[in-house]
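K.L.:
Given these sequences and hints, build the entire structure.
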Amino acid sequence: MKVMAQMGMVMNLDKCIGCHTCSVTCKQAWTNRTGVEYVWFNNVETRPGLGYPRTYEDQETWRGGWERTRRGRLRLKGGGRFKKLASIFSNPKLPSLDDYYEPWTYEYDTLISAPLGEHTPVAQPKSLITGKPMKIEWSANWDDDLGGGPEVISEDPVLVKIRDQVADRVKLDFENAFMFYLPRICEHCLNPSCVASCPSGAMYKRAEDGIVLVDQDRCRGWRMCVSGCPYKKVYFNHKTGKAEKCTFCYPRVEVGMPTVCSETCVGRLRYLGLFLYDADRVLEAASVEDEQDLYRAQLDLMLDPHDPEVIAAAQRDGIPSDWLTAAQKSPVYRLAKEFEVALPLHPEYRTMPMVWYIPPLSPVVDALVETGHDGEDARNLFGAIDSLRIPKEYLAELFTAGDTDVIDTVLRKLAAMRSTMRDVNLGREVDVSAAEAVGFDESTVYELYRLLAIAKYEERYVIPAAHSEQAHELEELGCSLDFDEGPGMYGSGPFGEASGMPVPVAVENFHALKQRQTSEAVLDTGNKRGRVNLLNWDGKGAPAGVFPPDPGKGS
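Note that the numbering used here numbers the sequence shown so that position 346 is 346, with each residue one more than the last.
Think of the hints as simulated: they come from the structure by calculation, not from any bench.
For every residue, glycine included, the Cβ atom is placed at its ideal position computed from N, Cα and C.
Be careful, since some hints might not be right.
[Claimed, not checked] Here are the simulated BS3-like pairs of lysine-lysine, each with C-alpha atoms no more than 25 Å apart in a straight line:
(1) Lys-337 with Lys-15
(2) Lys-132 with Lys-239
(3) Lys-15 with Lys-205
(4) Lys-135 with Lys-239
(5) Lys-15 with Lys-329
(6) Lys-15 with Lys-456
(7) Lys-93 with Lys-83
(8) Lys-205 with Lys-93
(9) Lys-337 with Lys-456
(10) Lys-126 with Lys-239
(11) Lys-2 with Lys-135
(12) Lys-2 with Lys-93
(13) Lys-84 with Lys-161
(14) Lys-132 with Lys-205
(15) Lys-329 with Lys-161
(16) Lys-205 with Lys-83
(17) Lys-329 with Lys-205
(18) Lys-329 with Lys-2
(19) Lys-239 with Lys-93
[As the list claims (entries may be wrong)] Cβ pair distances, simulated, as ranges:
(20) Leu-426 with Glu-458: 26 to 36 Å
(21) Tyr-108 with Asp-280: 50 to 60 Å
(22) Pro-121 with Phe-89: 28 to 38 Å
(23) Ala-279 with Ser-321: 13 to 23 Å
(24) Arg-218 with Ala-279: 20 to 30 Å
(25) Glu-289 with Asp-98: 49 to 59 Å
(26) Ala-123 with Lys-456: 35 to 45 Å
(27) Gly-80 with Thr-409: 29 to 39 Å
P.N.:
Below, the structure written as C-alpha cells:
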C-alpha cells in the first residue's frame with residue numbers, strides 16, 4: 001500500500017442557482033488574457049444541454065478517456081503512441097472554435113461617441129478573434145436559455161444514450177418544466193488520460209496534492225492533451241501556442257486558501273478537502289470489467305484517515321502529520337466515503353475523477369405537492385423519487401455509468417435527511433423511520449444536515465498549507481496565471497511571441513495575500529500597473545485606474 005494525498009472537491013447540485021459567479025471570478029483570475037478569450041476553466045452547464053464544448057460527452061466522436069481491452073488492460077481511447085505519432089502534426093480529434101464559441105465584445109464607444117441622430121446608437125458585437133462584426137450564435141452558457149428545450153434535447157449526448165428508456169418522461173417533463181445546473185472544472189483525476197496523452201511530458205500530476213498542471217516550458221502545443229481529456233477541460237492558448245487548464249488555484253491552496261470558484265460561490269455549494277488513497281491500486285480500480293463497478297472501485301481506493309494502519313503507512317510515505325489531521329476533518333471524504341452521497345462525474349471514462357457531485361433532489365417536493373400530498377412527509381418522499389421530473393436514468397448516466405440503484409440510494413438518503421430535519425425544525429416528534437430505512441440514525445442525519453446546510457467556512461474548506469521546506473519544489477515557473485506580461489505570458493524575445501523569460505510564481509506572494517485577506521485593517525494597495533487581476537487583488541484598497549478619481553482629493 002502506497003498512501004498519497006489528493007485535493008478533492010464536492011459540489012452540492014441542490015444549491016447551485018446557475019448565477020455563474022464562479023465562472024466570472026475564475027475567468028478574471030486565470031484567463032483574462034489574450035489567447036484564451038474562449039476559455040473557461042470553470043463553466044456552469046444547464047442540463048439537459050449540449051455542454052461546453054458542445055457534445056463533449058460523445059466519446060465516440062471525441063475519443064477521450066480510457067477504454068478496457070479484451071485482455072483487461074487500459075489503453076487510450078484515442079490511440080497509443082504510434083497512432084499519436086502518426087497524427088502529431090494534424091490532430092483530427094479536436095473541437096473547433098465553433099464547438100466552443102467565438103468570443104466577442106461590444107463596440108461600447110459607439111454608445112457615447114455616435115453623433116446625435118433619430119435612433120438610439122447600438123453597441124454591435126465584435127469578434128475578439130477577428131475584430132470584425134459578428135452574429136452571436138452560441139456561448140459557454142448558451143444552454144441556459146434553452147434548458148429543456150427541443151433545440152438541445154435532440155443532441156444531448158447523455159439523453160441520446162437513454163432515449164429508449166425515458167422517451168415519454170423526457171417529452172412530457174424535461175421539455176416543459178425542468179432543468180438543473182452542473183458546474184464543471186478540471187477533474188484532477190487519479191488516472192488522468194490527458195497526462196498519458198501528452199507526447200512532450202508537459203502534463204503532470206503533482207505528487208504532494210494530486211493537482212494536474214501543465215509545464216509551460218515543456219509544452220510544444222501538440223494538443224494531444226485536449227483530445228485525450230474526455231471532459232475537454234484542457235485548452236489551447238492561440239497566442240502562446242501552449243496548453244492551459246484549471247490549476248485548482250494551487251498558489252491559493254498552498255497557503256490554505258480555497259479556490260477562487262469556491263470562495264466566491266453564492267450558494268456555498270463547494271467543499272474542499274483531502275482524500276488519502278492507495279496509489280498502488282489505481283490501475284486495478286480503473287480496469288474493472290463492468291463500468292457500473294467503477295464507482296465502487298474508486299470509492300474503495302479512498303483510505304480511512306482514522307485507521308492506525310493507514311496513518312502509519314502515510315507517515316512512512318512522507319505525508320506530514322498536519323495533512324493527516326486535515327484528512328481526518330475533510331468534508332469531501334465524509335460526503336463521498338462516510339455518507340456516500342457524493343458521486344464522480346462520468347466514471348465510465350476510467351480516469352478516476354476527483355471532483356464529486358451530490359445529485360439534485362429539489363423537484364421531489366414539487367412532484368408531491370402537485371398531487372395534493374405533503375411534500376415533506378416521510379411516508380411520501382421515497383415514493384416521489386420514482387416520479388422525479390428528471391429521470392433517475394439521466395442522473396445515473398452522469399454519475400454512476402448508468403447504475404440507477406446507486407442514484408436511488410443517494411436520493412433516498414437526501415430525502416430522509418430532509419424529512420427528519422423538518423420534524424426537528426418544527427418541534428414535532430421526530431419520525432426516524434425514513435432515516436432508519438437508509439441506514440442512518442438521528443445523529444447521523446443531523447451531521448449530514450449540518451455539513452450540507454449550515455457548515456461554517458472552516459468546515460467547508462479544510463485545506464492544509466504547503467510546508468515552507470517544500471516552497472522551492474512547489475514554485476512554478478510558467479503556469480499562465482496572469483494577464484499580459486505575467487507568469488506564463490512570456491514577453492516577446494528574439495524568437496518572437498512567448499520567447500521571453502518566465503516570471504516565477506512564488507508561494508510567498510500568496511502568504512502575503514492571505515495575511516491581507518484575514519487582516520482587520522484596510523490596506524492601500526498603492527499604484528498597480530496593468531489591469532487588476534482577482535487572483536492577486538484582495539479587494540482592499542483602490543488600485544489606480546479601477547475607480548474614478550476623488551474630486552475631494554484634488555486629483
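K.L.:
For every hint, state whether the structure bears it out.
P.N.:
So, going through the hints one by one against the coordinates:
1. Lys-337 with Lys-15: 21 Å, holds
2. Lys-132 with Lys-239: At roughly 18 Å apart (the allowed maximum being 25 Å), Lys-239 and Lys-132 satisfy the hint.
3. Lys-15 with Lys-205: 30 Å, violated
4. Lys-135 with Lys-239: Holds, because 24 Å separates the two Cα atoms, which is no more than 25 Å.
5. Lys-15 with Lys-329: 22 Å, holds
6. Lys-15 with Lys-456: 15 Å, holds
7. Lys-93 with Lys-83: Between Lys-93 and Lys-83 the Cα gap is close to 12 Å, so the pair holds against 25 Å.
8. Lys-205 with Lys-93: 24 Å, holds
9. Lys-337 with Lys-456: 21 Å, holds
10. Lys-126 with Lys-239: Holds, at about 19 Å.
11. Lys-2 with Lys-135: 54 Å, violated
12. Lys-2 with Lys-93: Given that 25 Å is the threshold and the Cα spacing comes to 36 Å, the pair is violated.
13. Lys-84 with Lys-161: 29 Å, violated
14. Lys-132 with Lys-205: 40 Å, violated
15. Lys-329 with Lys-161: 39 Å, violated
16. Lys-205 with Lys-83: It holds: about 24 Å lies between the C-alpha atoms, which stays within 25 Å.
17. Lys-329 with Lys-205: Status holds; Cα separation ~24 Å.
18. Lys-329 with Lys-2: Between Lys-329 and Lys-2 the Cα gap is close to 21 Å, so the pair holds against 25 Å.
19. Lys-239 with Lys-93: 21 Å, holds
20. Leu-426 with Glu-458: 26 to 36 Å: 29 Å, holds
21. Tyr-108 with Asp-280: 50 to 60 Å: 57 Å, holds
22. Pro-121 with Phe-89: 28 to 38 Å: 47 Å, violated
23. Ala-279 with Ser-321: 13 to 23 Å: 20 Å, holds
24. Arg-218 with Ala-279: 20 to 30 Å: Because 23 Å falls inside the window, the suggested range holds.
25. Glu-289 with Asp-98: 49 to 59 Å: The hinted range 49 to 59 Å is violated for Glu-289 and Asp-98, with Cβ atoms some 38 Å apart.
26. Ala-123 with Lys-456: 35 to 45 Å: Check passed, 44 Å falls within 35 to 45 Å.
27. Gly-80 with Thr-409: 29 to 39 Å: 38 Å, holds
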